[in-house]
Each structure stands twice: as structure tokens, then as C-alpha cells.
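Fit chain B to the supplied structure of chain A, relying on the hints for placement.
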Amino acid sequence: MIPLEHVILLSAVLFGIGIVGVVTRRNLIVVLMSIELMLNAVNLAFVGFNRMWPGAPGQNALDGQVFVLMVITVAAAEVAVGLGIVISMFRNRDSVDIEEVSLLKW
Amino acid sequence: MVNENTDAILRWIPLLPLLAAAVHGVMIGLVRRTAPRWLVNTLSCGSVGLAFLLSCYAFFRLVGLDDDARFLVDSLYTWFGAGVGDTRFSAEMGLRLDPLSSVMTLVVTGVGFLIHLYSIGYMADDHREDRGYQRFFCYLNLFTFSMLVLVMADNLVLLFLGWEGVGLCSYLLIGFWYSDRWNAFCGSKAFIVNRIGDFGFLVGIFVLFGALAQVGSPSVAFADIRASYDLIRELTIPAPFWGESWRVVEVVGICFFIGAAGKSAQIPLYVWLPDAMAGPTPVSALIHAATMVTAGDYMVARLAFLYADAPVASSVMAWIGGLTAFVAATIAICQTDIKKVLAYSTVSQLGYMFLAAGTGGYTASIFHLVTHAFFKALLFLGAGSVILAMHHEQDIEKMGGLARRIRQTHFVFLVGVVAIAGFPPFSGFFSKDEILLAAYASHVPGHFWLYALGLLTAGITSFYMFRLYYKVFHGECRATADVREHIHEQPPIIVYPLWVLAALSVVGGLIGFPLVYGEWFGVEDSHSLNNWLNKVVGEASYHVPHSTEYVMALAAIGMSTAGLLLARFLYLSRPDLPPRIATSFAGVQRLLVNKYWVDEIYDALIVRPLVLISDRVFYRGVDAGLIDGFAVNGLGRSVRGIASGGLKYLQSGLTQSYVFSMLVGAAAILWYLAR
Numbered sequence: 000m001i002p003l004e005h006v007i008l009l010s011a012v013l014f015g016i017g018i019v020g021v022v023t024r025r026n027l028i029v030v031l032m033s034i035e036l037m038l039n040a041v042n043l044a045f046v047g048f049n050r051m052w053p054g055a056p057g058q059n060a061l062d063g064q065v066f067v068l069m070v071i072t073v074a075a076a077e078v079a080v081g082l083g084i085v086i087s088m089f090r091n092r093d094s095v096d097i098e099e100v101s102l103l104k105w
Numbered sequence: 000m001v002n003e004n005t006d007a008i009l010r011w012i013p014l015l016p017l018l019a020a021a022v023h024g025v026m027i028g029l030v031r032r033t034a035p036r037w038l039v040n041t042l043s044c045g046s047v048g049l050a051f052l053l054s055c056y057a058f059f060r061l062v063g064l065d066d067d068a069r070f071l072v073d074s075l076y077t078w079f080g081a082g083v084g085d086t087r088f089s090a091e092m093g094l095r096l097d098p099l100s101s102v103m104t105l106v107v108t109g110v111g112f113l114i115h116l117y118s119i120g121y122m123a124d125d126h127r128e129d130r131g132y133q134r135f136f137c138y139l140n141l142f143t144f145s146m147l148v149l150v151m152a153d154n155l156v157l158l159f160l161g162w163e164g165v166g167l168c169s170y171l172l173i174g175f176w177y178s179d180r181w182n183a184f185c186g187s188k189a190f191i192v193n194r195i196g197d198f199g200f201l202v203g204i205f206v207l208f209g210a211l212a213q214v215g216s217p218s219v220a221f222a223d224i225r226a227s228y229d230l231i232r233e234l235t236i237p238a239p240f241w242g243e244s245w246r247v248v249e250v251v252g253i254c255f256f257i258g259a260a261g262k263s264a265q266i267p268l269y270v271w272l273p274d275a276m277a278g279p280t281p282v283s284a285l286i287h288a289a290t291m292v293t294a295g296d297y298m299v300a301r302l303a304f305l306y307a308d309a310p311v312a313s314s315v316m317a318w319i320g321g322l323t324a325f326v327a328a329t330i331a332i333c334q335t336d337i338k339k340v341l342a343y344s345t346v347s348q349l350g351y352m353f354l355a356a357g358t359g360g361y362t363a364s365i366f367h368l369v370t371h372a373f374f375k376a377l378l379f380l381g382a383g384s385v386i387l388a389m390h391h392e393q394d395i396e397k398m399g400g401l402a403r404r405i406r407q408t409h410f411v412f413l414v415g416v417v418a419i420a421g422f423p424p425f426s427g428f429f430s431k432d433e434i435l436l437a438a439y440a441s442h443v444p445g446h447f448w449l450y451a452l453g454l455l456t457a458g459i460t461s462f463y464m465f466r467l468y469y470k471v472f473h474g475e476c477r478a479t480a481d482v483r484e485h486i487h488e489q490p491p492i493i494v495y496p497l498w499v500l501a502a503l504s505v506v507g508g509l510i511g512f513p514l515v516y517g518e519w520f521g522v523e524d525s526h527s528l529n530n531w532l533n534k535v536v537g538e539a540s541y542h543v544p545h546s547t548e549y550v551m552a553l554a555a556i557g558m559s560t561a562g563l564l565l566a567r568f569l570y571l572s573r574p575d576l577p578p579r580i581a582t583s584f585a586g587v588q589r590l591l592v593n594k595y596w597v598d599e600i601y602d603a604l605i606v607r608p609l610v611l612i613s614d615r616v617f618y619r620g621v622d623a624g625l626i627d628g629f630a631v632n633g634l635g636r637s638v639r640g641i642a643s644g645g646l647k648y649l650q651s652g653l654t655q656s657y658v659f660s661m662l663v664g665a666a667a668i669l670w671y672l673a674r
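Chains A and B supply the protein sequences, listed in that same order.
Numbering that gives the first Met the number 0 applies: residue 0 is where the first sequence begins, and numbers increase by one.
Numbering that gives the first Met the number 0 applies: residue 0 is where the second sequence begins, and numbers increase by one.
Read the hints as simulated data drawn from the structure, not as lab findings.
Careful, some of the hints might be misleading.
[As the list claims (entries may be wrong)] Chain A regions said to be covered by chain B (calculated; three or more residues, Cβ under 8 Å):
(1) 13-24
(2) 86-100
[Said to hold, decoys possible] Far from chain A, by Cβ distances over 12 Å, these chain B residues were calculated:
(3) Asn40
(4) Asp614
(5) Ile626
Every residue, glycine too, gets a C-beta built ideally from N, C-alpha and C.
Extracted from the complex, chain A is given alone in its bound form (with noise of 0.2 Å):
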């Protein structure tokens, strides 16, 4: 069985990884690819944590993993809406790099 600390290790490190992406780059389809990264890295780790805990001995808790079927359906969602906007950015602006889209500021 693999132990807890690697799958919260694989997990942190995607997320770190996610993170500089939406960070550092400047294309607005990274930038949603890395959050999709970090949404699965969280998704992993609840795997993971509700592999380790089923819940009290003789039940088997599906809590964690629900969860998991949640996130995937709210990133779905997530992803339609983000590349509408992407498609549309590209449209006004032939571009998407999020650089340029910075009217909203003092």
C-alpha cells in the first residue's frame, strides 16, 4: 500500500506547480490548465486522506471521494465558462495574453 506521505507529497507538488503557472505565465489557456492542475492535486489528496481514514471499523466512509466527484463537476463547469471567456477575449482583442487586459484599474 502506498504510504499517506507520498500521495500528499505528489499532491503539494502539483499544487506548487499549479500555482506558479497562474502565476507566471501569460497565457490565459495555461493559466486555466494550471488551475485545473491544482484543483486535481487537491482531488488526490482527498483521495488519498479518505483511503487512509474510511471512517469508523466496519463502515466504509465515501465522504472524501464525493467530494472529489463534486470538484470534477464544479471544474467542468468552471472550464466551459473560463474558455468562453478565453474565445471571446480572443475575438475583441486577437490575443490571449492576460497582460493586455488590464483596463480595470486606477
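Chain B in isolation, oriented as in the chain A frame:
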């Protein structure tokens, strides 16, 4: 107790007028159509008339009850409550009818009903756009409701509700013709002056409740206060001045009297009542003569057990009452507005009532309250009839010689004048005599002088009332030719209530027929009002020999006759004399015409400084300077300065820099939590 003395019919006495007022209110405010007059009339007069019938029913039920448990109760619900255990405070919606309040209910609904009828005629030519006719009856019904709550309340807090309710209706009705700013001003004046009295009343309730809670029986119900009265008798509170400590009972008595002085127009708070004459005349009759202004006297009688044990408060009350009676009567001599004369006479008669209550004659004061309700309502309504006949002219200098033109009004008005002047066997004679008797035989410091003051005032009363009578109804008609042509008697709806009130003014004194005269006719216990009330307000504490009583009655009649003859001489035989007297006593005349400059003194001492402080300190200093300048605008300015000076550069528009700050923030929180 619960079964015999409970009667759910009681609640309908105040509820019927309230219902009518509510229906009027809905029609005025929501339906917004001018209702047909027959509907308004039926609703208003019908509800008050029914309330009167119910009051009669309740009265006869009371008569049938045992002497020691002569009361009816009707508890509706707990209005509000607070606290638990020994200091629990709760105000009940509970009505209680005992002999005292049943007398009041009968007067309020009976005289009120007649005045409602009269109003139909008096307000008939009110065709304003704002549904004024219905609004008038709405307020009138609301007033009747509040007054009934006041007299039937079984506790102080509910009494206070009625007390404020009648004040509100008084304000609304004084300023009823609000398009004239002066009327609106008079309404505000009445309201504000009453407020001062109400403050004293409230403090009294708090002190009394505090004392009762201290001895472990916290309650504001009259029955409980009376039951546990012996416990608080000896309580004292440390005095801020005048001696070491004050008895709680005296403090409460004084506070309540301040409230009564406001509502019942006593020195120094009487100034609103003459100005209240700005309202329509039926309002003056109902609210500012017959019922509302007697609320203070009723309250004192209701707490008679307390005042009987508070000599200081009682003496203050007696002296203030006596002085008010005298001062107001002297002012009335020089007034030329027919309603103003009656207004000052009302203040004066209310002074008599407090003089009686202060000297221990609680029955006498209630007796005078009842007879005064009859003859003063009659006089006001008669004056209203005169005013209508004269096409809304109120100046008696422009009247005269009306006796032949409006015979019925003349006759009933004369009955009212004779009654208030105190000629036997009219009602005013008996009640005033009893008051003078109470003053004479009491133990109040200087009681003999109080008696003399009362007697002198009786003479002045007779003088100014007959002056009014002769100036209005006799002599040359001083109206313009145009008005003179159109002087006419009023329709039956106005005149019939006058006849009823005139009859009551004549025979009303029989409810308190003195024992001395009762013996002449072989009637025992002829003073039925006394028998009726003595369980509530206590037996009269004074006794004088019969011979003294005869002498006093003769003295009173003598004073009244002197007033009558003097008025007759000055205003009928030698009308050229009064102006000459006025010029030779110019100082006195100016003093009286200007009502001792009391309004001006109040203006200079209280109103102007208050306005000045409000303007300079509170408006310009606190409101404009501190709140507007510093708190509101200053805060706004500083926020704008800081934000536009530096903070705005944080908003770069770069999403990733926001994300980065978020990250740093989240990391900081994590570090803090994991520390």
C-alpha cells in the same frame, strides 16, 4: 371573584369608537374616496351611542353588585412584560370599571355622544378637498377611544397610553384647520406643553414602581398599588435639596400632579388651553372643556388613597388649584373672544377641582368635574351656535342684542351661565359649594385663605360670565349690517343637543344633593355621588356644623349675585362705563388684556434661550460642525485623500499580481495558524 366581577362586555366600550375610527382611517387613507355623509354620521355617532348604552348597562351591573366588591374587570392580554421573579414588570391590557370610572365613562360617552351629534350640524359646511369631514369624525372617535382607555385602565401604564392618546387627538384637532399656520402652531404648543407634564407623570410612574419593587410587590395595577400601599408609606429617598430625605409618596404625588397640571391646564402649564381654542368649537367642548382636561383630576381621584397620605403634595395641589382658579378668572374678565372667555373659565373651574382634590374633597372634585362637563359643554356648544349665527365671528365686541334673534340658543346659554355662576338650584351651585366647604374645613396650611380665594373667584366667575352674556345677547347689535341681516337660529341637529345639556345642567346637581338640604325634604343620604364613590376615593375627612354650611352657601350666593349685579350694571345699564374704567385703571387693564404677559415671559425665559442654544451650540456646533463637518464630510475627505494619494496604485489591473498577493496572504494566514 373571577366569575362574578368579570364581564367581557367591558372591552366593547372603548373598542366600538376605535373600530369606527379605524374604518374611517381605512376609508380616508386606502380607499381615498369621499364617503357619503350619512355613512360617516351613522358610524361615528352610532359607535359612541352604543358605547354609551354599554356604559349604562355596565353601570347598572355595578349597582347590582355587593358594596365591598363593586367593580368589573375585563383582562384582554399582557401588553408587554420584562424581567422575572421579584422584579418582574408587566403591563396588562386590562379594563376595570369601578364606581369612579363608571361615572367618567358615562360622562365621556354621554356628553361625547351629544357633541358628536352636534358636530354633524357644525361641520356640515366643511367641504374641503382632503376629506376633512370624515377626518374630523375619525379623530373624534379616536379621542373617545383614548379617553375611555384612560378612565377604564386598570393600571398606570395603560392609563398613560390613553393619556398620550387623548393628547395626540387634541393636537390633531386643534390643528384641524391646518391650512392656517396659526392653528398648526397652537396644536404644536398644546402638544409640547403637555409633553412637559407627561415627563413628570412618567417619572412618577417610575418612582412608584421602583418603590413597589423594593418592597417586593412590583406592579403597576391600581388594585395592587392600593393593596401594598402600606408597605411603601414610610419609604424615603435621599433628597437633593430641602432637608434630609423625602417620602416616596410625596415625590410620586408631586410628579403625578405635574402630569395633571399639564393635562388639566394648571399653573404653570395652563398656557396651551386658551390657544387650543383654534380648533373647531365641538372639539373645544368635548376635549378642552368636558373630558380630556379633566383627566388630571380623574387621575388624582384614582390615586386618592395616595394623596390623602401625602400632605405636602396635597397642599401644593390645593394652592396651585386655588391660584389657577383665581388668576384664570381675572384674565377672563378682559377677554373679548367668546371662546377665549370660556377657555379661561375652563382653566379656572379646573383650578377649583384641584383645590377640592388638594383639600381632601375628592368626591367634591369629581362632582364638579361632572357638573362642569354638563354646563361647560353646553356653554361651548352654545357659543358654537352663536358663532355659526354670526358667520364665524368670535369677537364679542361685534355681537350684542342676539337674544331676540336666536331665542333657543339664548335660553340654553343663559341656563349654562346661571349654572356656572353658581345659583341654586342649578348644578354648579352644589358642586362649587362642596368645594368651598372642603377648602374651608381642610387642614391644608392657609386653608381659610384658600376658601376666601375660592369665594372671591366665584364672584369673579359670575361677573365675567354675565359680562359675556350681556355683551353677546343684550344691548345694541354691533355687527355689520350685512351680518346682521343673516343672523338665524341653527337647525335642530345643533339645537337639540343643547337642550339635553341644558336639562342636565339644571338637574345635574341632584346627584350630589348636600345632606343639609336633603334633611329639608326628608331624604336620607341624599348625596348619592358620595355614597357611590366613597369606597373608591374614601370618606370626606371634613365635617362642619350645619349652621356654617348655611352661612357659606349664603356667602357664595351673595358673591354670585354681586357678580351678576355688577355685570348687569356695567354692561346693560351703563355700557359707557367699562371703557372709562379701563382708561382710569390702564395698568391693570393692560395686565389683564395681555394675560399677565405669561406667554411673553415663557418666551423670553425658556423658548428663546432654548432656540438660541439649539441654534448656536447644537445646530451650528454639534450638528453642522461635529457631525457633518468632522464625522461625515471629514471622514469622506480623509478616505478620499488616502485612497487617491497612494492606495489606488495597488489596483494595477494585472490579474497575476492580485493572485500573487492572495497567495502571500493565504501563506501568512497558514503560517499564523500553524505557528
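Verification of the supplied hints:
Coverage of a stretch by a chain is defined here by at least three residues with a beta carbon nearer than 8 Å to that chain's beta carbons; for the stretch 13-24 of chain A and chain B the count is 4, and the condition holds. Counting residues of the stretch 86-100 of chain A whose C-beta sits closer than 8 Å to any C-beta of chain B gives 3, which meets the bar of three, so the coverage hint holds. Every Cβ of chain A is farther than 12 Å from the Cβ of B:Asn40; the closest lies at roughly 69 Å, confirming the non-interface assignment. Even its closest Cβ contact with chain A, about 44 Å, leaves B:Asp614 beyond 12 Å, as expected for a residue assigned away from the interface.
With a minimum CB-CB distance of about 31 Å to chain A, B:Ile626 clears the 12 Å threshold, and the non-interface call stands.
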